[in-house]
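What follows is each chain in one-letter form.
There are 2 protein chains.
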Amino acid sequence: MNRRGKYVVTFPSLPTVISTAACVGKTEGEGPLAEYFDIVNENDGVGSSTWERAEAALVKQAAGLAIQKAGLKTKDIDIAFAGDLLNQCTASTFGLRETEIPLAGLFGACSTFALALIMASVAVDGGLADKALAEASSHFCSAEKQFRYPLEYGGQRTPTAQRTVTGAGAAVIAKERDGVKITHGMVGRVTDYGVTDMANMGAAMAPSAARTIADFLNDTGSRPADFDMILTGDLGSVGSSLLNEVLREEYGFDISRVHADCGNLIFDAEAQDVHAGGSGCGCSASVVCSYILPKMQRKELRKVLFAGTGALMSPLTALQGDTIPAVTHAVMFCS
Amino acid sequence: MNRRGKYVVTFPSLPTVISTAACVGKTEGEGPLAEYFDIVNENDGVGSSTWERAEAALVKQAAGLAIQKAGLKTKDIDIAFAGDLLNQCTASTFGLRETEIPLAGLFGACSTFALALIMASVAVDGGLADKALAEASSHFCSAEKQFRYPLEYGGQRTPTAQRTVTGAGAAVIAKERDGVKITHGMVGRVTDYGVTDMANMGAAMAPSAARTIADFLNDTGSRPADFDMILTGDLGSVGSSLLNEVLREEYGFDISRVHADCGNLIFDAEAQDVHAGGSGCGCSASVVCSYILPKMQRKELRKVLFAGTGALMSPLTALQGDTIPAVTHAVMFCS
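Same order as they appear, the protein sequences are chains A and B. In this text, residue positions in the first sequence follow numbering that gives the first Met the number 0: the first is 0, and each later residue adds one. In this text, residue positions in the second sequence follow numbering that gives the first Met the number 0: the first is 0, and each later residue adds one.
It should be emphasised that the hints constitute simulated quantities derived from the structure, not laboratory data. Ideal placement from N, C-alpha and C gives every residue a C-beta, glycine not left out. Worth double-checking, as some hints may not be accurate.
Computed far set for chain A versus chain B, every beta-carbon distance over 12 Å [unchecked claim]:
1. 13
2. 30
3. 42
4. 63
5. 153
6. 196
7. 213
8. 240
9. 268
10. 269
Below 25 Å or equal to it, Euclidean Cα-Cα: the simulated PhoX-like pairs (lysine-lysine) are [said to hold, decoys possible]:
11. A:5 <-> B:72
12. A:174 <-> B:5
13. A:72 <-> B:5
Generate the whole structure from the sequences, applying the supplied hints.
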């Protein structure tokens, strides 16, 4: 790896995405990206007896399928970088438990998939692994239960609230000639603008996304127009507006022509009544693995900056009156 | 990095531990390692209004001190790898929030410090960072509250139970000529022998520790006698006996002459009434950063294999009747 500016690294060996898989729930399968997912589960239980086991089952599905699509066996994978939103990250642990793949657990809230892609690229570029798996997941029901209210309570959601995506995305990274390349990576700094509203994650994460995107553009001497797409993780509609505003006013960058957000892409906000869009570690993981990377593989997009956003509070820190810190990790894909 | 055998990597540039710091609570400061800790806080509140903030304060103390002891400023640190046991890893996030250091969050339960050392070495060896911080923390009170009973309840603990260490350990890793070298790293596989007793973590983790240690010895063609110490994270007294038994009977290795365990070292089990010993991410982090690495720096130990052990359940998975998976990550130090 070579450092580029203060925060960005380049991967000279060009780690390659050799396969991806995205496995989602019923609501995601009724949204605009339905045709791109590998598996749309008929119900969100995914054949399991608890919501947490259902999320672990999604992790298992996506990992197994990504490995199979790469023409590999689990024993061929040298390391997995994975994480999720559940307390003690049990979806990843339980989902990958039987694979026997060495597991480096990550936590970055909804930025986890971007962090996993960076660490998998670091592993492959540096020689830690020949083949690395990057994965992240979330589940609407396990997240509602843990972060908000029991589902049975039927709580009303505010207009700024996002819907946690039921889904897992997995990618296999290796040194190969053909496929989408991961050329740059950037681990973000924690950013806290003092937002305290747990029902407005987009607002909490937008300043962090702006900072990482601005740092990335500055460190690499790029302009927004150099990219086919600057893709944020899950800011949703509220956070996306704020991101564009902060980037323009604080950093002097206008990304509006190339900006897209996984939280806006995955649902039809009006038809599906999801308020401000999708969220959760599984949101960007499943969108990037189903829609973005295959599109790049087909050369319909050539240069994409993916900035995965995460809000780093817990229900307890919120109850204790703490503000919501956020982090944004970025990877650049080229095809 | 070069792969060695199936699971081990070597770090040809020999990433070096250039400084360490360990900051602990009152009980730890009354134990056998009292004189080695950098800061023994007079009370476990660490000047904070909640136990969670107290743990974050320990993270901040240890990071600040390790960086200062290295003669550096926070802006000189390119990346931090850190994690803890709290839901959504908030001790690390909130503790490092103001440092402006790019933060890659890790989760490996009590194995987190070993994982952080591996990832910091990977980062430095591969060129992701010139200087990397590895850190982990835990707090008796925040852990009891989250994993067991409210402190005020005064619950009785079983003889196999361990006491979560109140402490944080941090190390700065860089390419330098002088200091303890990290020569090898190994990310472990999830191992589950079907233990379900949340009050016997040692038993849940011992088979995982045995597997990682055996894999490490096999991959590197080493024998236990090649090491001055094989140090496990926090198996405590019950888990340590089981480790020795499993290693002997299942893998044919006798490590009894060189084995030590951070959970046994940090407390005087009888005098301090801590039952089976210490545990928590902060246990191995504070023991390694206060006692082991400085001892190696003084050449009183030359070759140490540190196997950090983690139990990967959550209170919820335990209530749902799931078994306790475990993972053990290993690093080898030479001086």
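Hint numbers not upheld by this structure, sorted from lowest to highest: Violated hints: none; all satisfied.
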